[in-house]
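Enquirer: Chain D: place on chain Y using the hints.
First to last, the sequence lines map onto chains Y and D. Following numbering that gives the first Met the number 0, the numbering of the first sequence begins with 0 at its first residue and continues without gaps. Following numbering that gives the first Met the number 0, the numbering of the second sequence begins with 0 at its first residue and continues without gaps.
What the hints contain is simulated information worked out from the structure, not anything from laboratory work. In this text, a Cβ means the ideal position worked out from N, Cα and C, and glycines have one as well. Do not take every clue at face value.
[To be verified] Here are some chain Y residues the structure puts well away from chain D; computed CB gaps all over 12 Å:
1. Glu107
2. His350
3. Gly389
[To be verified] FRET-style restraints, in silico, Cβ to Cβ:
4. Ser55/Y to Ser315/D: 54 to 62 Å
5. Lys439/Y to Ala28/D: 35 to 43 Å
6. Thr54/Y to Val127/D: 37 to 45 Å
7. Asn62/D to Asp438/Y: 30 to 38 Å
8. Tyr318/Y to Val127/D: 19 to 27 Å
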Amino acid sequence: MADLSIEFAGIKSPNPFWLASAPPANSGEQVMRAFDAGWGGAVWKTLGDPIMNVTSRFGGVDYDGRKLMGLNNIELITDRPLETNLREIREVKRRYPKNVVIASLMTETKNDWKVLIRKCEDAGVDGLELNFGCPHGMCERGMGSSVGQEPKLLQEITSWVKEFAKTPVLVKLTPNTGDIVEAGAAAVAGKADGIALINTIKSIVGVDLDRLVPLPRVGNASTNGGYCGPAVKPIALHMVAALAREPGMIPISGIGGIATWRDAAEFIALGATSVQVCTAVMHYGYRIVRDMIDGLSEYLDAQGMKSVGELRGRAVGGYQEWGDLDLSYKLVASIDAKTCIGCQLCVTACHDGAHQCIFTGPDDRPRPPHAHAHGPAKAPRPLPLGAVAGARVPWIDEPECVGCNLCQLVCPVPGCISMVEVPNGEPETWNERVRQGRDKLPGGIHEGN
Amino acid sequence: MTLEKLPEDRLENELADKKPLYTEAEAKAEADRCLYCSDAPCIKACPTEIDIPTFIKKIASGNVRGSARTIFEQNLLGYSCARVCPVEVLCQGDCVYTGWGRDPIQIGRLQRFATEAATRPGQAPVLVKKVDVGVAKKRVACIGGGPASLAFAGYLALEGHEAVVFEKRAYAGGLNTTGIAPYKLHADDALHEVAWVAALGVEVKTGIEVGADDGPGRISGKKLLETYDAVFIGVGLGADSKLGIPGEDGPGVYGATEWIEKMKLEMTRAHREEVAGKRVLVVGGGNTAIDVARECALLGAADVAMCYRRGVPEMSGYAHEMSGGRKEGVRLVGHVQPVAFVRDGGGKLTALRVARTDASARAIAGTEHEIPCDLVALAIGQSKLSAVAAALPGVELDKRGCVVVADVATCVTGNAKVFAGGDCINGGKEVVNAVADGRNAARALLARWAGK
Numbered sequence: 000m001a002d003l004s005i006e007f008a009g010i011k012s013p014n015p016f017w018l019a020s021a022p023p024a025n026s027g028e029q030v031m032r033a034f035d036a037g038w039g040g041a042v043w044k045t046l047g048d049p050i051m052n053v054t055s056r057f058g059g060v061d062y063d064g065r066k067l068m069g070l071n072n073i074e075l076i077t078d079r080p081l082e083t084n085l086r087e088i089r090e091v092k093r094r095y096p097k098n099v100v101i102a103s104l105m106t107e108t109k110n111d112w113k114v115l116i117r118k119c120e121d122a123g124v125d126g127l128e129l130n131f132g133c134p135h136g137m138c139e140r141g142m143g144s145s146v147g148q149e150p151k152l153l154q155e156i157t158s159w160v161k162e163f164a165k166t167p168v169l170v171k172l173t174p175n176t177g178d179i180v181e182a183g184a185a186a187v188a189g190k191a192d193g194i195a196l197i198n199t200i201k202s203i204v205g206v207d208l209d210r211l212v213p214l215p216r217v218g219n220a221s222t223n224g225g226y227c228g229p230a231v232k233p234i235a236l237h238m239v240a241a242l243a244r245e246p247g248m249i250p251i252s253g254i255g256g257i258a259t260w261r262d263a264a265e266f267i268a269l270g271a272t273s274v275q276v277c278t279a280v281m282h283y284g285y286r287i288v289r290d291m292i293d294g295l296s297e298y299l300d301a302q303g304m305k306s307v308g309e310l311r312g313r314a315v316g317g318y319q320e321w322g323d324l325d326l327s328y329k330l331v332a333s334i335d336a337k338t339c340i341g342c343q344l345c346v347t348a349c350h351d352g353a354h355q356c357i358f359t360g361p362d363d364r365p366r367p368p369h370a371h372a373h374g375p376a377k378a379p380r381p382l383p384l385g386a387v388a389g390a391r392v393p394w395i396d397e398p399e400c401v402g403c404n405l406c407q408l409v410c411p412v413p414g415c416i417s418m419v420e421v422p423n424g425e426p427e428t429w430n431e432r433v434r435q436g437r438d439k440l441p442g443g444i445h446e447g448n
Numbered sequence: 000m001t002l003e004k005l006p007e008d009r010l011e012n013e014l015a016d017k018k019p020l021y022t023e024a025e026a027k028a029e030a031d032r033c034l035y036c037s038d039a040p041c042i043k044a045c046p047t048e049i050d051i052p053t054f055i056k057k058i059a060s061g062n063v064r065g066s067a068r069t070i071f072e073q074n075l076l077g078y079s080c081a082r083v084c085p086v087e088v089l090c091q092g093d094c095v096y097t098g099w100g101r102d103p104i105q106i107g108r109l110q111r112f113a114t115e116a117a118t119r120p121g122q123a124p125v126l127v128k129k130v131d132v133g134v135a136k137k138r139v140a141c142i143g144g145g146p147a148s149l150a151f152a153g154y155l156a157l158e159g160h161e162a163v164v165f166e167k168r169a170y171a172g173g174l175n176t177t178g179i180a181p182y183k184l185h186a187d188d189a190l191h192e193v194a195w196v197a198a199l200g201v202e203v204k205t206g207i208e209v210g211a212d213d214g215p216g217r218i219s220g221k222k223l224l225e226t227y228d229a230v231f232i233g234v235g236l237g238a239d240s241k242l243g244i245p246g247e248d249g250p251g252v253y254g255a256t257e258w259i260e261k262m263k264l265e266m267t268r269a270h271r272e273e274v275a276g277k278r279v280l281v282v283g284g285g286n287t288a289i290d291v292a293r294e295c296a297l298l299g300a301a302d303v304a305m306c307y308r309r310g311v312p313e314m315s316g317y318a319h320e321m322s323g324g325r326k327e328g329v330r331l332v333g334h335v336q337p338v339a340f341v342r343d344g345g346g347k348l349t350a351l352r353v354a355r356t357d358a359s360a361r362a363i364a365g366t367e368h369e370i371p372c373d374l375v376a377l378a379i380g381q382s383k384l385s386a387v388a389a390a391l392p393g394v395e396l397d398k399r400g401c402v403v404v405a406d407v408a409t410c411v412t413g414n415a416k417v418f419a420g421g422d423c424i425n426g427g428k429e430v431v432n433a434v435a436d437g438r439n440a441a442r443a444l445l446a447r448w449a450g451k
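Pulled out of the complex, with its shape left as it was, chain Y reads as follows (with noise of 0.2 Å):
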């Protein structure tokens, strides 16, 4: 069994799974029993003065019968008097002294900072995360993702926070910015010690069109939420990786969409040392982790990784740019004919959706040649009979495919389309090919010009 232990900027954690600071954190009693079914850490639900909340609270997105795709929330930080909170911390840190407690941090003042920073600290926190990432309500009062989007507030603050600080700080950065770098910077700048990300996107999450009022509705109106769970995750996973991959840059701790073992093992890949989860305990409980560390432990197992250590950033550097990408590496679509079912959504895809090079039937022919880099569209092969699909299984004029994957990506059965690697001369980025007056770019930005 692989290590699953980790050490976050000099916190130790069991394993790298801790709930964000959400309701899934809001109370002693909540995280204790997060811990008894595996969570190695909680980041507390946001502390600060208590504020009052609204009802409803949170909007849903489903896709195709499937809940919860997305969750939007406009609820607030802590409603729970502060001395509650530090009470219940203390408790659980005398009860799990092996699991990270991070209470999360929402005030004003450099001395509100300074007050609320002890109290915790006295009450036995393993860290600090400061939440400049909320994006409703508590921005509206200067806090939050108020913060967030300001390089300098945010590492002024920060420097406040670390001159009060013992334990180690992370900041919590709000997606809603135009470059997420810069505000990393500036939380490196103010001497942070980790990095968290990303706090909810700003959103509305849907109509109500009987009452034509946005959602989640309170009365006969609504407002701007926060927006999380699965479908944010690949905007997370550019922002953890986008901060990963600048030099000097301090632990991360990846949040975004989180709810199995491999959006885990993707974020730790990408650069995260541990990994934050709200959306998925809301949905299905704190017993999602179970899977979570046995899923991650087999994957590393499987790679023959000792530790979760050895999986962190494998992946950053296979975050390039554009231009540094090899032209020439070629792919085709391949359809296995044997497993096909013949539903030709790949047929319509490539047709409406991309590069009109598959075709069905025996008597297809392929449109006038619209002259992609690879030549003219051939005559259809012999057509190939599925077992199950018959005369259905469609063909690709594999000169006219660009090898763009969306048949795959389409296609309802596992396996039926391939992806097949094509020998394609001498490997050639853009880069390359600007440097060496092959090319030029738009606009005349490149070196030497």
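Expert: Positioned in the frame of chain Y, the structure of chain D alone reads:
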């Protein structure tokens, strides 16, 4: 048209829907499962070529009225077809999931979900009748009030023409009303659909028979040809065929469609004893035979056996229907040929005398034996109704007795003013085939009137 409400305590209401109406949540879940195939095989398997993936995706998006409209564009009787079509061998049989070894999309049940509300009284119409016809308004008459005629009349009425349907029975709807197994479709549901088609602008006249002369309850073919711009023959089939063997005439022996009609429209729950606890024999191996057998089994018959002169592979009934029947207690006595009905001194039926058959389905002498029974239903075919054709000059019958049409794309007969469709041209197929004929005839006529 006024619909007489059928009595609630009819015997057929003892048999509940085998495929009940989906709830909204069930329909959405099943609709979401549809892959939305391109050039979908289910469409090609449907005789009316309903755009099935489109109507299913409309259910998934919550556009149920639009879904019904998609269905009705191709199949005006999409509601009854949803319930009576042998989907297992049509659309669902060709669903790509079926070939993949997975449960096919329940297209029939989704189609019922889409169309049931749309065809009920009090709903805003999903189909809009054309006000401006574009050509001189025409008048058409339909002979017979079954699915073929209703489709023909309905599509023409929607285009702004006048359509009258003459039905000799007290109720229109044809076999949908009189002959469908109750666990698929009850008669009052069929009549709801008739009323819905009537509301599109079709005049349905019941109790009027078309034949050689005019009179009370009668109208001649000649008169129809004089009065109307076109005539559609949708008379279906005639009386059940008989075996022509000793003892056949008398109590306890019924034609299958005759018995089903009686059970659906006349028998009350009090008549259940005529079946319950009784030994029933059904002669035949087709779908009507299986229907009668299953209905008797479900109504509590002590024993239901189908007597068929060949074996299972030769049966024309659907395998999925026979399989359903077997689960309900229907058994098959294969390779036997009835030779006589056995009655006691009082004329009461006591048994069917049968002989075993050889490979050519001929009786083998010396193998006669008796199968005890209280009731026999004959499901060995139906006669052809040739009188109507005879009353319409130019309309010809083939050697089977079926009305001859040029092709099913136009359904035009030897008389250019006369069209025909449904069982009377094909000898007995599905409701959906009849609807396709009626629709095709209407389209051919509209094209003719438009000068195309």
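Enquirer: Hint by hint, note whether the structure agrees.
Expert: Going down the list of hints, with the structure as the test:
1. Non-interface call for Glu107/Y relative to chain D: holds, since the shortest CB-CB distance, roughly 46 Å, exceeds 12 Å.
2. A cut-off of 12 Å between C-beta atoms contradicts the statement that His350/Y is not in contact with chain D; the least separation is 9 Å.
3. Against chain D, the non-interface label of Gly389/Y is violated: not every CB pair exceeds 12 Å, the least being about 8 Å.
4. In this structure the hint that Ser55/Y and Ser315/D lie 54 to 62 Å apart at CB holds, the actual value being about 60 Å.
5. The hinted range of 35 to 43 Å is not satisfied by Lys439/Y and Ala28/D, whose Cβ atoms lie roughly 55 Å apart.
6. Checked against the hint of 37 to 45 Å, the pair Thr54/Y and Val127/D passes, with Cβ atoms roughly 44 Å apart.
7. In this structure the supplied range 30 to 38 Å is violated for Asn62/D paired with Asp438/Y, their Cβ-Cβ distance being about 49 Å.
8. Against the hinted window of 19 to 27 Å, the Cβ-Cβ separation of Tyr318/Y and Val127/D comes to about 57 Å, which falls outside the hint.
Hints 2, 3, 5, 7, 8, counting from the list given before, are not met by this structure.
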